[in-house]
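J.: Residue numbers (our numbering), protein chains in the order written: chain F, 17 to 226; chain X, 6 to 91.
These are computed hints drawn from the structure, not numbers from a lab.
Please note: incorrect hints may appear among the correct ones.
[Stated by the list, open to error] To give an idea of the interface, some chain F residues facing chain X are shown, with a C-beta separation under 8 angstroms as derived from the structure:
#	residue
1	L131
2	E159
3	R161
Cβ coordinates follow ideal geometry from the N, Cα and C atoms, glycine included.
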Amino acid sequence: MPHDHLSPSGHPYRADNDAPLTYWQTMEIAVRELLIEKGHITAEDVHAQIDAMDARSPAMGAAVVARAWTDADFKRQLLDDGSAACRDMGFDIGPMHLIALENTADIHNVVVCTLCSCYPRNLLGLPPDWYKSREYRSRTVREPRKVLAEFGLTLPDTVTVRVHDSTADMRYLVVPARPAGTEGLDADALAALVTRDSMIGVGIAKQPGA
Amino acid sequence: MKVQVADRWPPGHIRTPGYLRGKIGEVERSCGPFNNPEQNAYRLPADSRELIRVRFTMAEIWGADAERPDDILEAEIYSHWLTPLD
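Just chain F, with the same shape it has in the complex (with noise of 0.2 angstroms):
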């Protein structure tokens, strides 16, 4: 059987992207050389936003979760205007505006874009390649246990699920609950059990020690 496809590996190898540019691919390319060869941006300023955005990871909005955890009028400032309570913790959030929602004994939040990605990049950097997908954006909605069973999250039948579809200018922070046997941990500690799917709310805090 010729195995010439696979890699030593036995994986398959990935497909060269050496096919034609696309439109969008060649407008992006004009657009972004005219703008510079006119003056109104450098090369380095397109440098510059790229690295800002590789920046942001979701550590930074498990140091928000894990200072709601620990501070409770941080908590507070953080559930009635979720971007100015970043934005006071030395986050450039731009000009996103973030609702934070807290999952509790009775409620568990989800978030989704099933018009097209929208995620607070902003804070949590880009968004896991799923959360794209027309799987997980048109089922969420429509069958949300159901999708968070698939991601290993059975939820029991006395937690309402509160799916949030983000259509428009508002961006979401799911705050996870704070795993039991935590007490004794500092904001820096608990930080480290905040998941990035914990925040979409796909998933919840990891327990110590996991």
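Keeping the supplied structure of chain F fixed, place chain X upon it in accordance with the hints.
T.: Just chain X now, kept in the frame of chain F:
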């Protein structure tokens, strides 16, 4: 306050999801004024519109097919898509 989403199907850049058109929900909160994306998307002078988070039950949206009728869905809907019912 109880509101109903308009059951309109105009062409263009619409931020009201199809599965919520015609459905009835409760106002959850106001998010304040934003430029109307239906104009903004085409770089037309945009009117300022109030953006409102509306809470629906899954029973209202999906009827007998709801996975669990009393689960909740919330979405941001522009005020010009909403009619107050009380």
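J.: Each of the hints needs a verdict: does it hold here or not?
T.: Here is what the structure says about each hint:
Taking 8 angstroms as the C-beta contact cut-off toward chain X, the hint placing L131 (chain F) at the interface holds, the least distance being around 6 angstroms. Among the interface hints, the one on E159 (chain F) holds; its C-beta lies about 5 angstroms from the nearest C-beta in chain X, closer than the 8 angstroms criterion. For the restraint placing R161 (chain F) at the interface with chain X, the shortest Cβ-Cβ distance is roughly 6 angstroms, inside the 8 angstroms limit, so the hint holds.
Hint violations for this structure: none, all hints satisfied.
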